[in-house]
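Visitor: These protein sequence lines map, in sequence, to chains P and R. Heads up: the first sequence runs through residues 1 to 356, numbered per the working numbering. Heads up: the second sequence runs through residues 1 to 315, numbered per the working numbering.
Simulated from the structure, these hints should not be mistaken for lab results. Every residue, glycine too, gets a C-beta built ideally from N, C-alpha and C. Treat the hints with care, since some could be wrong.
[Claimed, not checked] Chain P stretches covered by chain R per the calculated footprint, using a threshold of three residues with CB under 8 angstroms from any CB of chain R: (1) 35 to 46; (2) 132 to 146; (3) 164 to 177; (4) 247 to 253.
[What the hints assert, rightly or not] Straight-line alpha carbon distances no greater than 20 angstroms define the calculated EDC-like cross-link-like pairs of lysine to aspartate or glutamate that follow: (5) R:K310 - R:E125; (6) R:K310 - P:D149; (7) R:K310 - R:E189; (8) R:K310 - P:E48; (9) R:K310 - P:E185; (10) R:K310 - R:D197; (11) R:K310 - R:D148.
[Stated by the list, open to error] Listed below are several chain P residues computed to face chain R (Cβ distance under 10 angstroms; list not exhaustive): (12) I217; (13) E330; (14) A342; (15) L344.
These are the residues of each chain, in order.
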Amino acid sequence: MVLPIITLKIERHAPPGWIRAFLPALAVLITFVLTSALVLMAGANPLEAYYYFLLEPLTSRVSLLEVLVKATPLLLTGAAVTLAFSGGFWNIGAEGQFLAGATAATAVGLAVQQFPAPFAIPLTLLAGIMGGMAWIAVPALMKIRLGIDEVVTTLLLNSVALLVVSALLNGPWRDPISQWPQSPEIASAAILPKLVPRSRLHLGFLLVLLIVVLLGITISRTAFGIRLRAVGMEPEAARFAGIEVWRVILTTALLSGGVAGLAGAIEVAGIHYRLIEAISGGQGYTGIVIATLSGLNPWAVLPAALFIALIDTGSQTVSRALGVPVYLGEVIQATLLLVMLAVLLLQSYRIRLEHK
Amino acid sequence: MIESSLLVFIVGWLAATLRVATPLLLATIGEIYTERSGVLNLGIEGIMFLGAFVGFATAARAEAAGLGAYLWVGIVAAMLAGLLTSLLMALLTVTLGLNQHVSGLGITLLCTGLAMFGFRLVFGEQAVLPRINPFAQIVLFPGVPILDPLLNQYLLTYFAFFVLVPLSAWLLNRSSFGLNLRAVGENPEAADAAGIDVFRMRYIALAVGGVLMALGGAFLSLAQLGAFSPGIVAGRGWVCIALVIFARWDAIRAMVGALLFGGVFALQLRLQTQGIGLPYEMLLALPYLVTILVLAIVGRRAPYPGAYLKPYRRE
C-alpha cells in the first residue's frame with residue numbers, strides 16, 4: 001500500500017481555525033451586500049428582506065421543519081460532490097446521478113407491491129444507490145481507461161438523464177389516471193414513514209444525517225480517506241507513494257454517484273412517492289454550491305446544506321411578505337458560490353512527501 | 001403527388017435545420033474562441049439564457065416606447081449582457097485563477113437566477129407570456145420553388161453561416177490573433193516568454209465568446225419565438241459544449257456539427273407535430289451520446305488545448 005520509507009502527509013497551510021470558520025461567514029456577508037442591490041430594485045428594504053430570509057423561517061415550527069425537509073436531499077448531493085471533489089474527480093453530474101437514482105428507485109418501488117416495508121424500503125433505496133452508481137460508472141471508466149476528462153462526460157449525462165426520465169414519464173410510466181407526465185405511485189410499503197406527523201419530514205432525514213457522518217469519518221479518519229485526498233491533491237505524488245490511483249478514483253466516483261442516487265431515491269420514497277420531471281430541479285448543481293461553501297470539509301457539509309435549505313425556504317417567505325421575486329434565492333446561492341470560491345483563496349493546502 | 005409532398009417535407013425540414021442550428025452555431029463558435037485560449041466556460045448555458053432575457057426585455061420596452069429599431073436595441077443589450085458576464089468569468093478564472101468548471105457553473109446559476117428574477121420584476125406574474133413582434137425572415141427568391149422556402153431565413157442565420165464561420169475560420173487559423181490565441185491556450189509560459197500578454201488574450205477570448213453566446217440566446221427570443229419563457233434555452237448550451245469537442249475546436253467543423261445536430265432537432269420537432277409516435281427524447285439525447293462516443297473513440301487524442309482548465313500564474 002504505502003512504501004515503508006515514504007509516507008504521505010497532508011498539511012493544511014491555513015490560518016488558525018477561527019479564520020477558517022470565519023471564511024464562510026465573510027462570504028455570506030459579501031454576498032448579501034452584493035445582492036441587496038436586487039432587493040432595492042424590487043422596491044424592498046434589504047435589511048427587512050434578510051430578516052425574512054434568515055430569521056423568519058426559524059420562528060415557526062412549520063417552516064423550521066420545511067428547512068429540514070429541503071436539507072435532506074441537499075445534504076446528500078452536497079456530500080456526494082464534496083467526496084468526489086476531494087478525490088479530484090470533478091463530478092459535475094450529481095444532477096444526472098440523482099435522476100438515475102430516482103428512476104431506479106421508482107422502478108423498484110413500483111415492483112415491490114407485495115413486499116413488507118422492512119424489505120421494500122431498503123430495496124428501493126438500494127436501487128437508488130445502484131442507479132446513481134451506474135450513471136457515474138461510464139464517466140469514471142472513461143477517465144480511468146481512456147484518460148477522458150470527466151467534467152464534460154458527467155455534465156452531458158445530466159441532460160441524457162433528464163431525457164430518459166421524460167421518455168419514461170411520457171411513455172411506459174405515464175400515469176393512466178392523471179394526465180400529467182408522472183409515474184403511478186410507488187408501493188405504500190416502499191414509502192418512508194413520517195418523522196413528525198402532519199409535516200413532510202420523514203425518516204430519510206435521520207438516515208441522511210447518519211450517512212453524512214459516516215462519509216465524514218471515511219474522508220477524515222480512515223486510510224481510504226487519506227488516499228482519496230492524496231489522489232485529489234497530487235495524483236502523481238500519490239502514485240509515487242504506491243497508491244493504486246485508478247482504484248481510488250473508481251471507488252470515489254462510485255461512492256459519489258451512489259450517494260447522489262440515494263438522494264433521488266429518498267425524494268421519491270419520502271416526498272413525492274412517484275417520479276416527476278421536476279424531481280431534482282437542480283439539486284445536483286446545488287450540491288456543488290454546498291461543497292464549495294463547505295470548503296470541501298465533509299463536516300462542514302451539514303451547516304452548509306442547512307444554510308442553503310434556509311435560503312430556499314426564506315426566498316419563499318421573502319416573496320410572500322415583500323413581493324420580491326422568489327428567484328432572489330437562486331441568485332443569492334449562485335453569488336455565494338462564486339464569492340466563496342474567491343474567499344477560499346485565502347486558504348491553501350499543501351501535500352508533502354515525508355522521508356522518515 | 002407523394003414525391004412532391006416528400007419534397008415539401010424535406011425542404012421544410014432543411015429550412016428548419018438552418019434556423020435551429022443558428023443559436024447552436026453562434027454559441028459554439030463563442031465557446032471555441034474561449035476554449036482555444038485554454039478556458040472552459042460552462043457559463044454558456046446561463047449566458048445564452050440571460051442573453052435571451054435581456055434581449056427580449058429591452059426590445060419589449062423599446063417597442064412599447066415606440067422605437068423603430070427595438071429589435072436591434074435588444075440585440076445590442078443582449079450582447080452587452082454577454083460581455084459583462086464573460087468579463088466576470090474572466091475575473092474569476094483568469095485573474096483570480098479559480099477552478100474553471102465550478103466558476104462556470106456558478107455563472108450559469110447566477111445568469112439563470114438573474115434572468116428569472118428580472119423577468120418577474122419587469123413583467124410580473126402574467127397568465128399569458130408577453131410577446132413582441134420578432135425579426136422577419138428575409139425573402140430572397142419570392143415564388144421560386146424550393147429556393148424560396150429554403151432560403152427564407154433570418155438575417156442572423158445568414159450572418160452566422162456566411163460571415164461568422166468564414167471570419168472565425170480565418171481569424172483562428174490564419175491570423176496572428178489566432179496564432180497568439182492558440183499559443184496562449186497550448187503553452188502560456190512559452191507564449192508569455194514570446195511577449196504575448198496571456199491574461200489580455202484570455203480576457204479577449206472570453207469576451208468574444210460571451211458576446212456570441214448571448215447573441216445565440218437573443219436569436220431564440222427575438223427571432224425564433226418573439227417571446228421569453230423559462231424553458232427557452234433548455235440545455236442548448238450544453239449541446240454547444242458537446243459540439244465544440246465534436247468539432248475539435250474548429251469553426252468549419254462546428255458548422256457541420258451544428259447542422260447535423262440542428263437537423264436532428266428539427267426532424268424531431270416535425271415528427272412530433274405530425275404525431276408520429278417516436279419517443280422523441282431518444283433523438284434529443286443523440287447529440288450528447290454521439291459526443292460521448294466520439295470522446296471514447298478519440299480518447300486521449302482529443303485535441304484539447306494544452307493548457308485547458310489550467311489557470312496561468314506568472315512566477
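Visitor: With a cut-off of 8 angstroms between beta carbons, are at least three residues of the segment 164 to 177 of chain P near chain R?
Guide: Per the Cβ count (5), the hint holds.
Visitor: With a C-beta cutoff of 8 angstroms, work out whether three or more residues of the segment 247 to 253 of chain P approach chain R closely enough for the coverage to hold.
Guide: violated (count 0)
Visitor: K310 (chain R) and E185 (chain P): Cα distance at most 20 angstroms?
Guide: violated, 47 angstroms
Visitor: Measure nothing beyond the straight line between the CA atoms of K310 (chain R) and D197 (chain R); if it is 20 angstroms or shorter, mark the hint as holding.
Guide: holds, 16 angstroms
Visitor: Can the hint on I217 (chain P) be confirmed by a CB-to-CB distance to chain R that is less than 10 angstroms?
Guide: violated, 26 angstroms
Visitor: Against chain R, run the beta carbon of A342 (chain P) and see if the smallest gap drops under 10 angstroms.
Guide: Because about 6 angstroms separates A342 (chain P) from the closest Cβ in chain R, which is inside the 10 angstroms limit, the hint holds.
Visitor: Confirm or reject the coverage of the segment 35 to 46 of chain P by chain R under the rule of 3 or more residues with a beta carbon closer than 8 angstroms to the chain's beta carbons.
Guide: Since 3 is at least three, the answer is holds.
Visitor: For the pair we were handed, K310 (chain R) and E189 (chain R), check the Cα-Cα distance against 20 angstroms.
Guide: Roughly 12 angstroms between the alpha carbons, so the hint for K310 (chain R) and E189 (chain R) holds.
Visitor: Under the criterion that the straight-line Cα-Cα distance not exceed 20 angstroms, is the pair K310 (chain R), E48 (chain P) satisfied?
Guide: Outside the cut-off at roughly 42 angstroms; violated.
Visitor: Interface hint check: E330 (chain P), Cβ to nearest Cβ on chain R, cutoff 10 angstroms. Holds or violated?
Guide: Check passed: Cβ of E330 (chain P) comes within 3 angstroms of chain R, closer than 10 angstroms.
Visitor: For the restraint on L344 (chain P), tell me whether the closest CB of chain R is nearer than 10 angstroms.
Guide: Holds: closest Cβ of chain R sits about 8 angstroms from L344 (chain P), inside 10 angstroms.
Visitor: So if I understand the rule, the pair passes when the alpha-carbon distance is 20 angstroms or less; does K310 (chain R) with D148 (chain R) pass?
Guide: violated, 48 angstroms
The structure shown violates the earlier hints numbered 4, 5, 8, 9, 11, 12.
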